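**Q** Sequence:
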Amino acid sequence: GGTVFFSLPLPLSSVGSIIERRLDTVRSVCHIAQKRLIACFQGQHGTDPDKRHKKLPLTALAQNMQEGSVQLSDETLLGKMLDTCGDAENKLAMELSQHEVQIEREVLDPLYLLTEVKIPNIQKQRKQLSKLVLDWDSARGRYNQAHKTSGTNFQVHPSKIESLKEEMDEAGNKVEQCKDQLAADMYNFVSKEGEYARCFVMLLEAQADYHRKALAVIEKVLPEIQAHQDKWTEKPAFGTPLEEHLKRSGREIAVPIEACVMMLLETGMREEGLFRIAAGASKLKKLKAALDCSTSQLDEFYSDPHAVAGALKSYLRELPEPLMTYSLYEEWTQAANIQDQDKKLQELWRICNRLPKHYHANFRYLIKFLAKLAQNSDVNKMTPSNVAIVLGPNLLWAKNEGSLAEMAAATSVHVVAVIEPIIQHADWFFPGDQDFNVSGAFVAIPAVNSNHLSHTGNEYDSGTLERKRPVSMTVMEGDLLKKESFGVKVMDFQANPRRCGTINRKHTSPAFQPPLPPTEAGVLAQAGAEQHSQASVAETSPVGAGFALSAGTAEQLQSPGNEDGRLYFTTHIDLSKLHPRGVHTV
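For the sequence shown, UniProt numbering assigns the number 1 to the initial residue and increments by one for each residue that follows.
Note that these hints are calculated values from the structure, not bench results. Because the structure is a prediction, the values reported are computed rather than measured. Idealized CB from N, CA, C, for every residue including glycine. Be a bit skeptical, because a hint or two may be false.
Said to hold, decoys possible - The calculated lysine-lysine pairs, modelled on DSS-like cross-linking and capped at a C-alpha distance of 25 Å, are:
| # | residue 1 | residue 2 |
| --- | --- | --- |
| 1 | 35 | 124 |
| 2 | 220 | 91 |
| 3 | 124 | 174 |
| 4 | 357 | 247 |
| 5 | 54 | 91 |
| 6 | 381 | 283 |
| 7 | 357 | 399 |
| 8 | 118 | 192 |
Claimed, not checked - If you anchor each label on the Cβ, the simulated ranges turn out as follows:
| # | residue 1 | residue 2 | range |
| --- | --- | --- | --- |
| 9 | 197 | 170 | 39 to 45 Å |
| 10 | 223 | 441 | 28 to 34 Å |
| 11 | 243 | 60 | 37 to 43 Å |
| 12 | 78 | 42 | 25 to 31 Å |
| 13 | 244 | 330 | 23 to 29 Å |
| 14 | 50 | 299 | 53 to 59 Å |
| 15 | 39 | 141 | 51 to 57 Å |
| 16 | 188 | 131 | 20 to 26 Å |
Could you build the full structure based on these sequences and the hints that come with them?
**A** Listed below in structure tokens is the structure:
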């Protein structure tokens with residue numbers, strides 16, 4: 001009858017063996033996941049939230065930022081940024097500490113209970129069952145031995161056999177009870193596997209909740225910190241879009257343009273070869289950096305007008321969009337090809353007035369200055385033509401520039417043909433006086449009634465009250481004759497006596513009715529009589545007379561310090577040799 005205790009039913013034993021092997025695998029996998037998850041914690045595992053928060057690296061970072069903001073003060077941009085960012089990092093650290101505490105409670109604790117308590121208990125029961133089976137097997141062996149010898153050895157007392165049988169039965173009962181308990185625990189483990197797997201779902205949910213809260217902290221502080229950034233005016237001007245620079249600084253004229261113009265008005269108006277002679281690279285780099293920093297002092301640069309002129313050229317060239325804009329490039333180039341000078345001037349006037357507001361204001365400011373510079377061309381050798389040659393490529397260029405030869409052609413044909421007449425007739429294109437000290441940040445320069453050869457005839461030399469005799473429109477403009485020089489087309493301005501009657505000509509006005517082209521009746525009557533006299537032409541048109549770039553004098557300027565990389569032409573003025581028709585040869 002004792003055989004009923006000898007073995008488990010086969011189906012239960014097979015299922016139990018499968019579950020037992022699975023227990024070992026589950027415990028190993030969950031134990032490794034638990035260790036790796038703890039390694040992801042930035043705080044100290046097992047501590048209370050406050051202590052954990054203090055030990056976080058983010059907390060240390062926040063404290064360092066806030067201490068730095070105190071040292072720099074809130075008046076500086078860095079101080080404001082560090083204070084705002086430090087506060088945000090501290091809030092993120094608090095969210096992180098709460099997140100790690102939640103992970104411990106909802107994920108790590110259940111995994112620890114599974115791997116270190118529940119599964120080990122089942123495994124202990126399995127070992128206990130094995131021990132009980134051995135005990136039961138030993139008791140059964142003793143009973144069987146006594147039962148066999150009782151038939152031959154009458155000395156064996158029946159009571160002893162009965163005692164051994166009771167011992168065997170008791171051991172069998174323990175085996176059965178342990179086996180049932182083990183089977184129940186195994187089945188219970190299998191039934192709760194979904195509950196254990198839920199830990200990993202809760203891990204992702206907790207992480208998602210943490211990241212949402214962290215993102216909310218960041219999104220709340222971003223507008224504030226961005227506002228500090230936008231309000232701060234200390235940003236580089238070079239390479240920054242014109243509209244952005246003007247909006248940020250609250251100015252009408254760009255800082256580098258006004259600063260350079262004011263310095264040149266002070267010390268550079270009579271400097272020979274201004275804008276043509278390259279400055280020292282280190283000096284130019286220092287000046288550009290000083291212009292980018294509004295708190296810097298510019299006094300030391302007044303004595304180096306070539307560096308100032310180079311900085312102005314660099315600023316214009318480094319604009320993401322040229323001062324004369326990409327959108328109007330085709331219109332500028334088409335206007336440059338118009339042969340009729342009246343129509344050409346009217347078209348240029350129309351395009352000038354199509355410039356966006358900020359571009360128009362800065363272009364007007366610059367042209368007024370260049371016209372003032374050209375007044376001293378007898379000293380500085382920078383006539384409107386020469387100024388257009390060296391500065392024009394920094395005012396207008398194609399959006400997608402081609403080869404160097406194409407750039408040179410555009411420089412000589414289009415840019416010069418556009419910029420030169422605008423400089424010549426600056427007061428016609430942009431009526432009224434120009435206050436160069438727009439911001440009031442510079443020492444005021446004595447005002448001059450006019451800064452160019454005005455078509456009204458009311459012209460005063462710079463710094464004097466002597467009225468200058470108006471110059472003939474025909475001498476100032478001339479006809480455009482295209483020549484080939486080094487494979488590049490350049491413009492040859494020569495006087496045309498047949499245009500002496502333009503004052504009586506009726507000007508056709510387009511629908512927008514631009515002002516009539518500049519005419520000077522007082523000189524037109526004399527132009528035919530004086531056009532063959534060298535002295536007369538030299539006297540009456542030192543600025544307005546056109547120049548031709550000959551093959552022997554046109555050079556490609558590629559000097560150190562010319563960092564904008566564009567093509568310029570060196571112009572050599574020989575005042576002792578005049579063209580037979582009264583035109584200077586450059």
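**Q** For each hint, tell me whether it holds in the structure or not.
**A** Hint by hint, here is what the structure shows:
Between the alpha carbons of residue 35 and residue 124 the distance comes to roughly 23 Å, so the proposed pair stays at or under 25 Å and holds. A C-alpha spacing of about 11 Å is found between residue 220 and residue 91, which places the hinted pair at or below 25 Å, so the restraint holds. Using a Cα cut-off of 25 Å, the hinted pair residue 124 and residue 174 holds, with the two alpha carbons roughly 15 Å apart. Taking the CA atoms of residue 357 and residue 247, the gap is near 13 Å; set against the 25 Å cutoff, the hint holds.
Under the criterion of a C-alpha separation no larger than 25 Å, the hint pairing residue 54 with residue 91 is consistent with the structure, at around 12 Å. For a cut-off of 25 Å, the pair hint linking residue 381 to residue 283 stands: about 24 Å separates their Cα positions. Taking the CA atoms of residue 357 and residue 399, the gap is near 21 Å; set against the 25 Å cutoff, the hint holds. Taken as a hint, the residue 118 and residue 192 pair is honoured in the structure, with Cα atoms around 11 Å apart against an allowance of 25 Å.
Between residue 197 and residue 170 the C-beta distance comes to about 41 Å, which sits within the given range of 39 to 45 Å. Our hint of 28 to 34 Å for residue 223 and residue 441 holds, since their Cβ atoms are close to 32 Å apart. At about 42 Å, the CB distance of residue 243 to residue 60 agrees with the hint of 37 to 43 Å. Distance hint for residue 78 and residue 42: a CB-CB separation of about 26 Å, consistent with the stated range 25 to 31 Å.
Remark: the range hint 23 to 29 Å for residue 244 to residue 330 is upheld by a beta-carbon distance near 25 Å. With their beta carbons about 57 Å apart, residue 50 and residue 299 fall inside the hinted range of 53 to 59 Å. Evaluation of the 51 to 57 Å hint for residue 39 and residue 141 yields a pass: the beta carbon distance comes to about 53 Å. Taking 20 to 26 Å as the suggested C-beta distance range, the pair residue 188 and residue 131 conforms, at roughly 22 Å.
Consistency with the previously given hints is maintained throughout, with no hint failing.
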